[in-house]
Amino acid sequence: DGGITQSPKYLFRKEGQNVTLSCEQNLNHDAMYWYRQDPGQGLRLIYYSQIVNDFQKGDIAEGYSVSREKKESFPLTVTSAQKNPTAFYLCASSISTGRGYGYTFGSGTRLTVV
Amino acid sequence: KNQVEQSPQSLIILEGKNCTLQCNYTVSPFSNLRWYKQDTGRGPVSLTIMTFSENTKSNGRYTATLDADTKQSSLHITASQLSDSASYICVVRRDLYSGGGADGLTFGKGTHLIIQP
Chain A
2 DGGITQSPKY
12 LFRKEGQNVT
22 LSCEQNLNHD
32 AMYWYRQDPG
42 QGLRLIYYSQ
52 IVNDFQKGDI
62 AEGYSVSREK
72 KESFPLTVTS
82 AQKNPTAFYL
92 CASSISTGRG
102 YGYTFGSGTR
112 LTVV
Chain B
105 KNQVEQSPQS
115 LIILEGKNCT
125 LQCNYTVSPF
135 SNLRWYKQDT
145 GRGPVSLTIM
155 TFSENTKSNG
165 RYTATLDADT
175 KQSSLHITAS
185 QLSDSASYIC
195 VVRRDLYSGG
205 GADGLTFGKG
215 THLIIQP
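Protein sequence lines correspond, in order, to chains A and B.
Residues 2 to 115, numbered by the working numbering, are exactly what the first sequence covers, in order.
Residues 105 to 221, numbered by the working numbering, are exactly what the second sequence covers, in order.
None of these hints come from the bench; they were simulated from the model.
Don't take every hint at face value.
What the hints assert, rightly or not - Here are some chain B residues the structure puts well away from chain A; computed CB gaps all over 10 Å:
1) N122
2) V131
3) G147
Stated by the list, open to error - As a list, the in silico EDC-like pairs of lysine to aspartate or glutamate whose alpha-carbon atoms are at most 20 Å apart:
4) B:K213 x A:D60
5) B:K213 x A:D39
6) A:K58 x B:D143
Computed from a predicted structure; not experimentally measured.
Where a beta carbon is used, it is the ideal one built from N, C-alpha and C, also for glycine.
So that you can see chain A by itself, here it is in the shape it has in the complex (with noise of 0.2 Å):
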């Protein structure tokens, strides 16, 4: 079946430490995103890539990276520099970024700082 796979589904991460989460798709879609949900609020866009080999920043990229060197794969890299980076993150792909294309969206991996 298609689809979109995170992992983990939760992660623990200690102070000062860099974690990457897993994304990948098998769904053929070009477009790639990343989003944090924080409790009573709404998507917020982190990164995102339209095609292999290339990312744009979302509107709250401080403190995390990407990379997209295969289609199917766009992990996200939550840095030692994101000061507050407890929370639940959704991957994403579409066909393209093109204005009639629909997310789908993956399982969510919740990062909680101990």
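Using the hints, position chain B against chain A.
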């Protein structure tokens, strides 16, 4: 400023009853409006996508309406089931061909719906 406001913030109804969720937006220029269902601890799942010319769109027991003149949308759920308990998120996309960056989406905070037996 582009904003999406949803109401009510939360809603509790009995199984089998109908309900309507509201979404008001100020996003401009408008491209399309999306409704998503998000179960607790899961990713959102698309229910409908509506463009400027569409007034009503159905997906099973879910019916979305759009009034682009008043910038309002509603999601009506008929004969609710326990599995409808979730957060419902309204998302509006601005027309990126008119300028602006990123993905053009503005997310509402969602309506948390609880269906009681």
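Here is what the structure says about each hint:
no. : hint           : verdict
1   : N122           : holds (26 Å)
2   : V131           : holds (12 Å)
3   : G147           : violated (3 Å)
4   : B:K213 x A:D60 : holds (16 Å)
5   : B:K213 x A:D39 : holds (10 Å)
6   : A:K58 x B:D143 : violated (28 Å)
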